[in-house]
Amino acid sequence: MTWIEDFFDEIYRDFMEHYRGPEASYKEAQFLIRKLGIEPGKLFLDAACGHGRHLRYMPEGTVVGLDINLKYLKEAKKYADVVAADLRLPPFRRRAFSGIYIMHSSIGMFGDEEDVEILMWLSGTIKPGGVMALDLANKVKIDRAYAALGDSWNFWISAGPYRILSTATYNPLVGRIKERRIIYRSGEYLGTKTLELRLYSPSEVNLMLRSIGMTIREVYGDFDGSPFSEVSDRYIVIAVKTGGVPEALKAAASWA
Numbered sequence: 001m002t003w004i005e006d007f008f009d010e011i012y013r014d015f016m017e018h019y020r021g022p023e024a025s026y027k028e029a030q031f032l033i034r035k036l037g038i039e040p041g042k043l044f045l046d047a048a049c050g051h052g053r054h055l056r057y058m059p060e061g062t063v064v065g066l067d068i069n070l071k072y073l074k075e076a077k078k079y080a081d082v083v084a085a086d087l088r089l090p091p092f093r094r095r096a097f098s099g100i101y102i103m104h105s106s107i108g109m110f111g112d113e114e115d116v117e118i119l120m121w122l123s124g125t126i127k128p129g130g131v132m133a134l135d136l137a138n139k140v141k142i143d144r145a146y147a148a149l150g151d152s153w154n155f156w157i158s159a160g161p162y163r164i165l166s167t168a169t170y171n172p173l174v175g176r177i178k179e180r181r182i183i184y185r186s187g188e189y190l191g192t193k194t195l196e197l198r199l200y201s202p203s204e205v206n207l208m209l210r211s212i213g214m215t216i217r218e219v220y221g222d223f224d225g226s227p228f229s230e231v232s233d234r235y236i237v238i239a240v241k242t243g244g245v246p247e248a249l250k251a252a253a254s255w256a
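For the sequence shown, UniProt numbering begins at 1 and goes up steadily by one.
None of these hints come from the bench; they were simulated from the model.
All values reported here derive from a predicted model rather than from experimental measurement.
Please note that a few of the clues may not be correct.
Claimed, not checked - With a cut-off of at most 27 Å between alpha-carbon atoms, the simulated DSS-like pairs for lysine-lysine come out as follows:
1. LYS42 - LYS127
2. LYS141 - LYS71
3. LYS178 - LYS35
4. LYS42 - LYS27
Claimed, not checked - Here are the computed distance ranges between Cβ atoms for each label pair:
5. ILE4 - ALA148: 21 to 31 Å
6. LEU165 - PRO128: 42 to 52 Å
7. GLU114 - LEU190: 21 to 31 Å
8. ARG163 - ALA24: 13 to 23 Å
9. ARG217 - GLU188: 15 to 25 Å
10. GLY150 - PRO128: 43 to 53 Å
Positions of the beta carbon are idealized from the N, C-alpha and C atoms, including for glycine.
Turn these sequences into a full structure, and let the hints guide you.
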């Protein structure tokens, strides 16, 4: 079992309902609707949709969800059509979507090469002039924490009945952070989970997107539309497809 399969379980799903509950999910969905132009007559993809916390607030018939977690998809399909598939090989035809959004650092869970391949595949499914939204952790802020606290630090995460003690270890040279989370709910110990992420700097994101025919149009630091800065929690990118399907993708994809 990979760390991803172990981490994204029913405990995490319930925790997220408290940590990023309906109000936050609605706010994020409204941001995506405005910035991507999600409306009837267009079709978008929620890549790594999880249990559908954004799908539930999208206009009917405008978004398809994709995830590999079958338990999460049982809930997500209440809100939209969903597809069970690996994010690394999405089963969609070329130019199928007006746009795609990828939330909550889903790009960063696999490693440099696979992250680029994911973006390449997804880019190929976007129509010319279509849009992509990436929601990433702010590497600049975490670099500042590393400079102040060293390569390892502890912190508590509280949400509803949950208290989580997290120990983070960070290597800024390769942009990788690893968290060990000890999880309690209403005082009861539920277990220990490990999270690993590759964090990308703004310049790295720009290079990756340019390599797949996408051009950054806007960047934000939060879903309230606030500008991005070195102290923002998130690095949210809105990019436009300005180039064709990359040659590497054409060689790999039977439908390209």
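Cross-check of the supplied hints:
The suggested pairing of LYS42 with LYS127 holds, with an alpha-carbon distance near 11 Å, which does not exceed 27 Å. With a C-alpha separation of about 34 Å, the suggested pairing of LYS141 with LYS71 is violated against the 27 Å cut-off. A distance of roughly 31 Å separates the Cα atoms of LYS178 and LYS35; the hinted pair therefore is violated under the 27 Å criterion. The straight-line distance between the Cα atoms of LYS42 and LYS27 is roughly 21 Å, inside the 27 Å bound, and the hint therefore holds.
For ILE4 and ALA148, the Cβ-Cβ distance of about 30 Å falls inside the hinted range of 21 to 31 Å, so the restraint holds. Between LEU165 and PRO128 the beta carbons are some 48 Å apart, a value that agrees with the proposed interval 42 to 52 Å. At about 30 Å, the CB distance of GLU114 to LEU190 agrees with the hint of 21 to 31 Å. For ARG163 paired with ALA24, a C-beta distance near 19 Å keeps the hint of 13 to 23 Å intact.
Our hint of 15 to 25 Å for ARG217 and GLU188 is violated, since their Cβ atoms are close to 46 Å apart. With their beta carbons about 47 Å apart, GLY150 and PRO128 fall inside the hinted range of 43 to 53 Å.
Against the hints set out earlier in the document, violations occur for numbers 2, 3, 9.
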